[in-house]
Amino acid sequence: MGFVELEQMGKQALEQFPVIKRSAKRVYQIASVATSNEKFKSEGDVVRVSPNDGFEYYYGYYDKSPWDATDRYMICIKVKQAYKSVAPKEPGVVGVLDTKNNNKFIKIGITHSWNVQQSCMAQWMGPDYETRILYNDFRSGHYCAVIYNFKEGKEESVLPMAAYDVARDGSFILSLDFSRLHRMRPGYGYSNLPDETKGVLCPDQGCIWKVDVADGKVTELFKYTDFAAFEPNESMNGAEHKVNHLMISPNCKRFMVLHRWFQNGRKHTRLVTVNIDKTEMYNLSDDVFVSHCYWKNDREILSFLRKKETGNHYYLMKDKTQEYRMYWPELNTDGHCSYSLDGKYIITDTYPNRKRIASVYLCTEEDNRSRRIARVAAPFRYDNDCRCDLHPRWNRKGTKVCIDSVHEGKRGLYVISIPKIDMERYKKTSEKNRSVTVVLATYNGEKYLREQLDSLIRQKGVLVKILVRDDGSTDKTHEILDEYQNRGLLSWYTGEHLNVQKGYLDLLKNAPKSDYYAFCDQDDVWDDDKLLLAVTELDEMPVDKPAMYYCGQRLVDENLKLISVHRIASDRNAHTNFLISNVAGCTAVFNQALVDAVNSKSPDFILMHDSWLFKICLALGGNYYADSAAHISYRQHGNNVAGLNGGVRGKIRQVKRYLDVFEIQKQCKNLLACYADQMTPEYRDLTERICNYDQSFGNWKRLLMSKEFDFKSSSLNSVVKLKILLKKM
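Here the sequence shown is numbered in our numbering, starting from 885 and rising by one per residue.
Some hints could be false.
[To be verified] For lysine to any residue, the following SDA-like pairs were computed, each having C-alpha atoms within a straight-line distance of at most 20 Å:
1. 1360 - 1344
2. 1151 - 1085
3. 1445 - 1093
4. 1312 - 1248
5. 1204 - 1114
6. 1162 - 1052
[What the hints assert, rightly or not] Between beta-carbon pairs, the in silico distance windows are:
7. 1012 - 1182: 16 to 22 Å
8. 1588 - 1566: 18 to 24 Å
9. 1312 - 1036: 48 to 54 Å
10. 953 - 1459: 46 to 52 Å
11. 1035 - 1591: 53 to 59 Å
12. 1283 - 1036: 26 to 32 Å
13. 968 - 1181: 39 to 45 Å
14. 1255 - 1382: 34 to 40 Å
15. 1114 - 1459: 55 to 61 Å
16. 1550 - 937: 23 to 29 Å
17. 929 - 968: 27 to 33 Å
Hints are computed from structural coordinates only; laboratory data are not their basis.
We put the CB at the ideal spot given by N, CA and C, even for glycine.
Please work from the sequences and hints to get the whole structure.
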């Protein structure tokens, strides 16, 4: 179990105890930052658009866009400081940035009701999203919502209650109890008025209101007691209740709300949906933990939440049913998700990790993939209730997202251009009908073999050939292979008893000619598009040079139940990857040029077939693509030849592999012996330095102090440095 899995276990264990969780997180992050060798402010196409004039600028929440319909003007709030108090008393300046006039800040008003998470709820109003701006304020002793006509440059009206969400047609707003929210969830309510319900666990008074924009008519929709009386359970006994995160459906007929209650310091949350006329209330998710949500359309809601069967993940749920589907299992940390206007793409973020670095991810439903597009650092000054969440939100065209970030020392608005994900690439690859020979070594694999073979047969968009070499099985493996061979689905043969490394090299020597080749274990399950995704990337590389693709894995138990997701570090530099060869063979796909190079030599020693091929690929000037997403289910059980998990024994095996068996120097010596005359000067020099590092103090010091390796992991960095220090490479 790695750092990520341990972190998630800790978060879930403390989720219901917010005070303890906050303190534990701070101590953990301080220790991690102090011991980290990764120092940076930002990564990716992150461009500041707000002024750098000593003030703090930010937009607020993730469920609305700061851009107007023309994508020219961006709403934001300007304040003196936003890190000492969650809802400061000093006023903030509401304005817009003119992105076609050097991002000039144009003041439109002053607000006295704002907080560090959602500012003053400033937003463009529908249906045109370019004429009117709404923002919250405190006037004449009451919270209110100001409607400003941007084209005319004047206030148009003032609604008698502050807005939490605005209907897309601009006809009404929903409001809630901002004073109680401020007391129970600092950073989300307003501090102008004291909470008159303090001390009352479940007030028999209003908590959600509808306000008509045309005439300001206020209609009370629900009381706190209404939620407590709706499908109550034992955890509500003696609990204190609140509501938060109102979001109106696109057709303006329903809304969602998070109903939260605290019993003896333990937090419980459920997601409730209901019609605007108060009918058809539905408990959509009630497994203790629900976080950030977003309406995909009028019928579906995306949310990061917990399901008892599968844990904390992103789920797309069908409203008024218990139908749902999990997406992007590799993203197992909470984030603020939203859809582009066309519904094709999803943007989300993460909270700062143990090194105080937060990330932005671009996701797609069609291929269930996530892609990190940016990272930013967060100073400790912005933490806990005064933190600066990124809150990514889309522009109207779906070409950019805006985040609030503090990586330059103060809150600012930053824009990230969205890299184009061309789904047509995969369709074009399918039309080429590329052939892929999957080579599979078996040994007593009857228990899981059928599932793996069936997943190979289901591969779409490519022509799959399956070649199996059995290493002397004594169970029913031969019967299964005969069955599939008789159906014309594979070919197989037996050979002398070899170790797994030599077995796969033997398979490559006997494999039929193909466009590409793939290693395969006998007990995993592949996603249907695993090979198509790989071939699409490999097709971009020259055919006359070695090329390899590899990806992450979902770790599952014997019954394919998710344990965790192993995302590879796709941003490590090539020299680091050459050194550690962090390739899982069961994910590797490669071309004919690499197979020809491998088959041309007979090495005396290789540690593993996957790392051997990868080193050859780089050494001969080849190319590779590291896909951080997971496209196979990597089964963990007692008979794994190599595993990423498996309790204490599994961790001991991993450490032993790194410290005792991870013979980097020996592999490099064999690489030189076989391919010295074919290697590029760059990799020949690197290989020789590794081979000769223990021959002199100068060589040893040069490798130990080298800055060319970027492990992206303090633990891996420590292991490799220790091996060099002890001359155990």
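Problem set entry | Violated hints, by number in ascending order, as checked against the structure | 1, 3, 16
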